[in-house]
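Following the numbering used here, the numbering of the sequence shown begins with 135 at its first residue and continues without gaps.
Warning: the hint list may mix true and false statements.
Unchecked claim - Distance condition first, Cα-Cα at most 20 Å in a straight line; then the derived EDC-like pairs of lysine to aspartate or glutamate:
| no. | residue 1 | residue 2 |
| --- | --- | --- |
| 1 | K345 | D270 |
| 2 | K136 | E402 |
| 3 | K315 | D372 |
| 4 | K315 | E305 |
| 5 | K253 | D192 |
Stated by the list, open to error - Restraint ranges, calculated between C-beta atoms of paired labels, are given here:
| no. | residue 1 | residue 2 | range |
| --- | --- | --- | --- |
| 6 | D187 | E305 | 24 to 30 Å |
| 7 | G399 | T184 | 41 to 47 Å |
| 8 | A212 | D370 | 24 to 30 Å |
| 9 | A269 | T350 | 25 to 31 Å |
| 10 | R418 | T184 | 19 to 25 Å |
| 11 | A349 | L313 | 39 to 45 Å |
In short, the hints are calculated from the structure, not lab data.
Glycine included, each C-beta is placed from N, C-alpha and C at the ideal position.
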Amino acid sequence: MKAFVFPGQGAQFSGMGKDLYNDSQEARLLFDKADEILGFKLSEIMFSGTDEDLRRTDITQPAVFLHSVAVSLAMGDAFQPDMVAGHSLGEFSALVACGALSFEDGLLLVAARARAMQKACIANPGTMAAVIGLADDKVIEVCENVASQGHTVVAANFNSPGQIVISGSTEGIEAACPLMKEVGARRALPLSVGGAFHSPLMTPAKEELAKAISATRFNTPRCPIYQNADALPHVDTDEIRANLVCQLDSPVLWTKTVLNMHADGASEFTECGPGTVLTGLIGRILK
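Please take these sequences and the hints and turn them into a complete structure.
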């Protein structure tokens, strides 16, 4: 069975999508439509913007979404998924690719999500860090110990065995990183990100996103989508909506997602989007 996966924020790079725009008429129409819907030249920022431009949440999210959907579209008849999944933001790309959302509605939801998250980042500043070489339960234990001291810090992305991203207040991350090393982590590296994604600091963004999602038409997907919130397959639109909202301040269960897809028959994984981050993670998860 064929599984198609879609990356999230962090996969962006300057020049992303330019080859698609030049080589595929379908992709070119999609880029032009996105510029029209958003009311600014997202394509120009993607093709020639600086890394700093592309790190802005309100730019990064629609850019990665657009690139990922364009890749799946450019594949033509080769895009025949038996199941799909997306990492964080990538869930929206996956939902468009499997027919649960129109491109237009998906883009508008991603833009609304990015705006809501940007507001939360400003109201509740925070950051994230990658923890390498430590078991899940140890990472969770350190986060709980730091949180008991009044700081906000949680395990946010379970990316692969031994690679977990933690998220929280700047003070919480600064307190947690040396403790991770003390209990055996090979590395605990602060990341250059715009906020504490998938942590309680994103909770204020949920109400705004929920309103946007409730006002958007969802269709039954052509195949199951395995969602970050519970790592399980879903085709029920009400469940999909609820999980998209829940995802904002809950961890991305990527390791469990890939294991469940494999257990359900996935023998071939294809990444649609900028970079090959998910391909690398899947290789480590499934050895």
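Do the hints match the structure? See the list:
Restraint check for K345 and D270: the C-alpha separation of about 34 Å exceeds 20 Å, so the hint is violated. With a C-alpha separation of about 5 Å, the suggested pair K136 and E402 falls inside the 20 Å cut-off, and the hint holds. Taking the CA atoms of K315 and D372, the gap is about 42 Å. The hint is violated against a cut of 20 Å. Taking the CA atoms of K315 and E305, the gap is near 17 Å; set against the 20 Å cutoff, the hint holds.
The straight-line distance between the Cα atoms of K253 and D192 is roughly 10 Å, inside the 20 Å bound, and the hint therefore holds. For the hinted restraint 24 to 30 Å between D187 and E305, the CB-CB distance of approximately 29 Å keeps it satisfied. Distance hint check for G399 and T184: the Cβ-Cβ separation is about 43 Å, which falls inside the suggested range of 41 to 47 Å. At about 28 Å, the beta-carbon gap between A212 and D370 stays in the expected band of 24 to 30 Å.
Distance hint check for A269 and T350: the Cβ-Cβ separation is about 39 Å, which falls outside the suggested range of 25 to 31 Å. Checking the proposed 19 to 25 Å range against R418 and T184 shows it is violated: the Cβ atoms sit about 31 Å from each other. Between A349 and L313 the C-beta distance comes to about 43 Å, which sits within the given range of 39 to 45 Å.
The earlier numbered hints that this structure contradicts are 1, 3, 9, 10.
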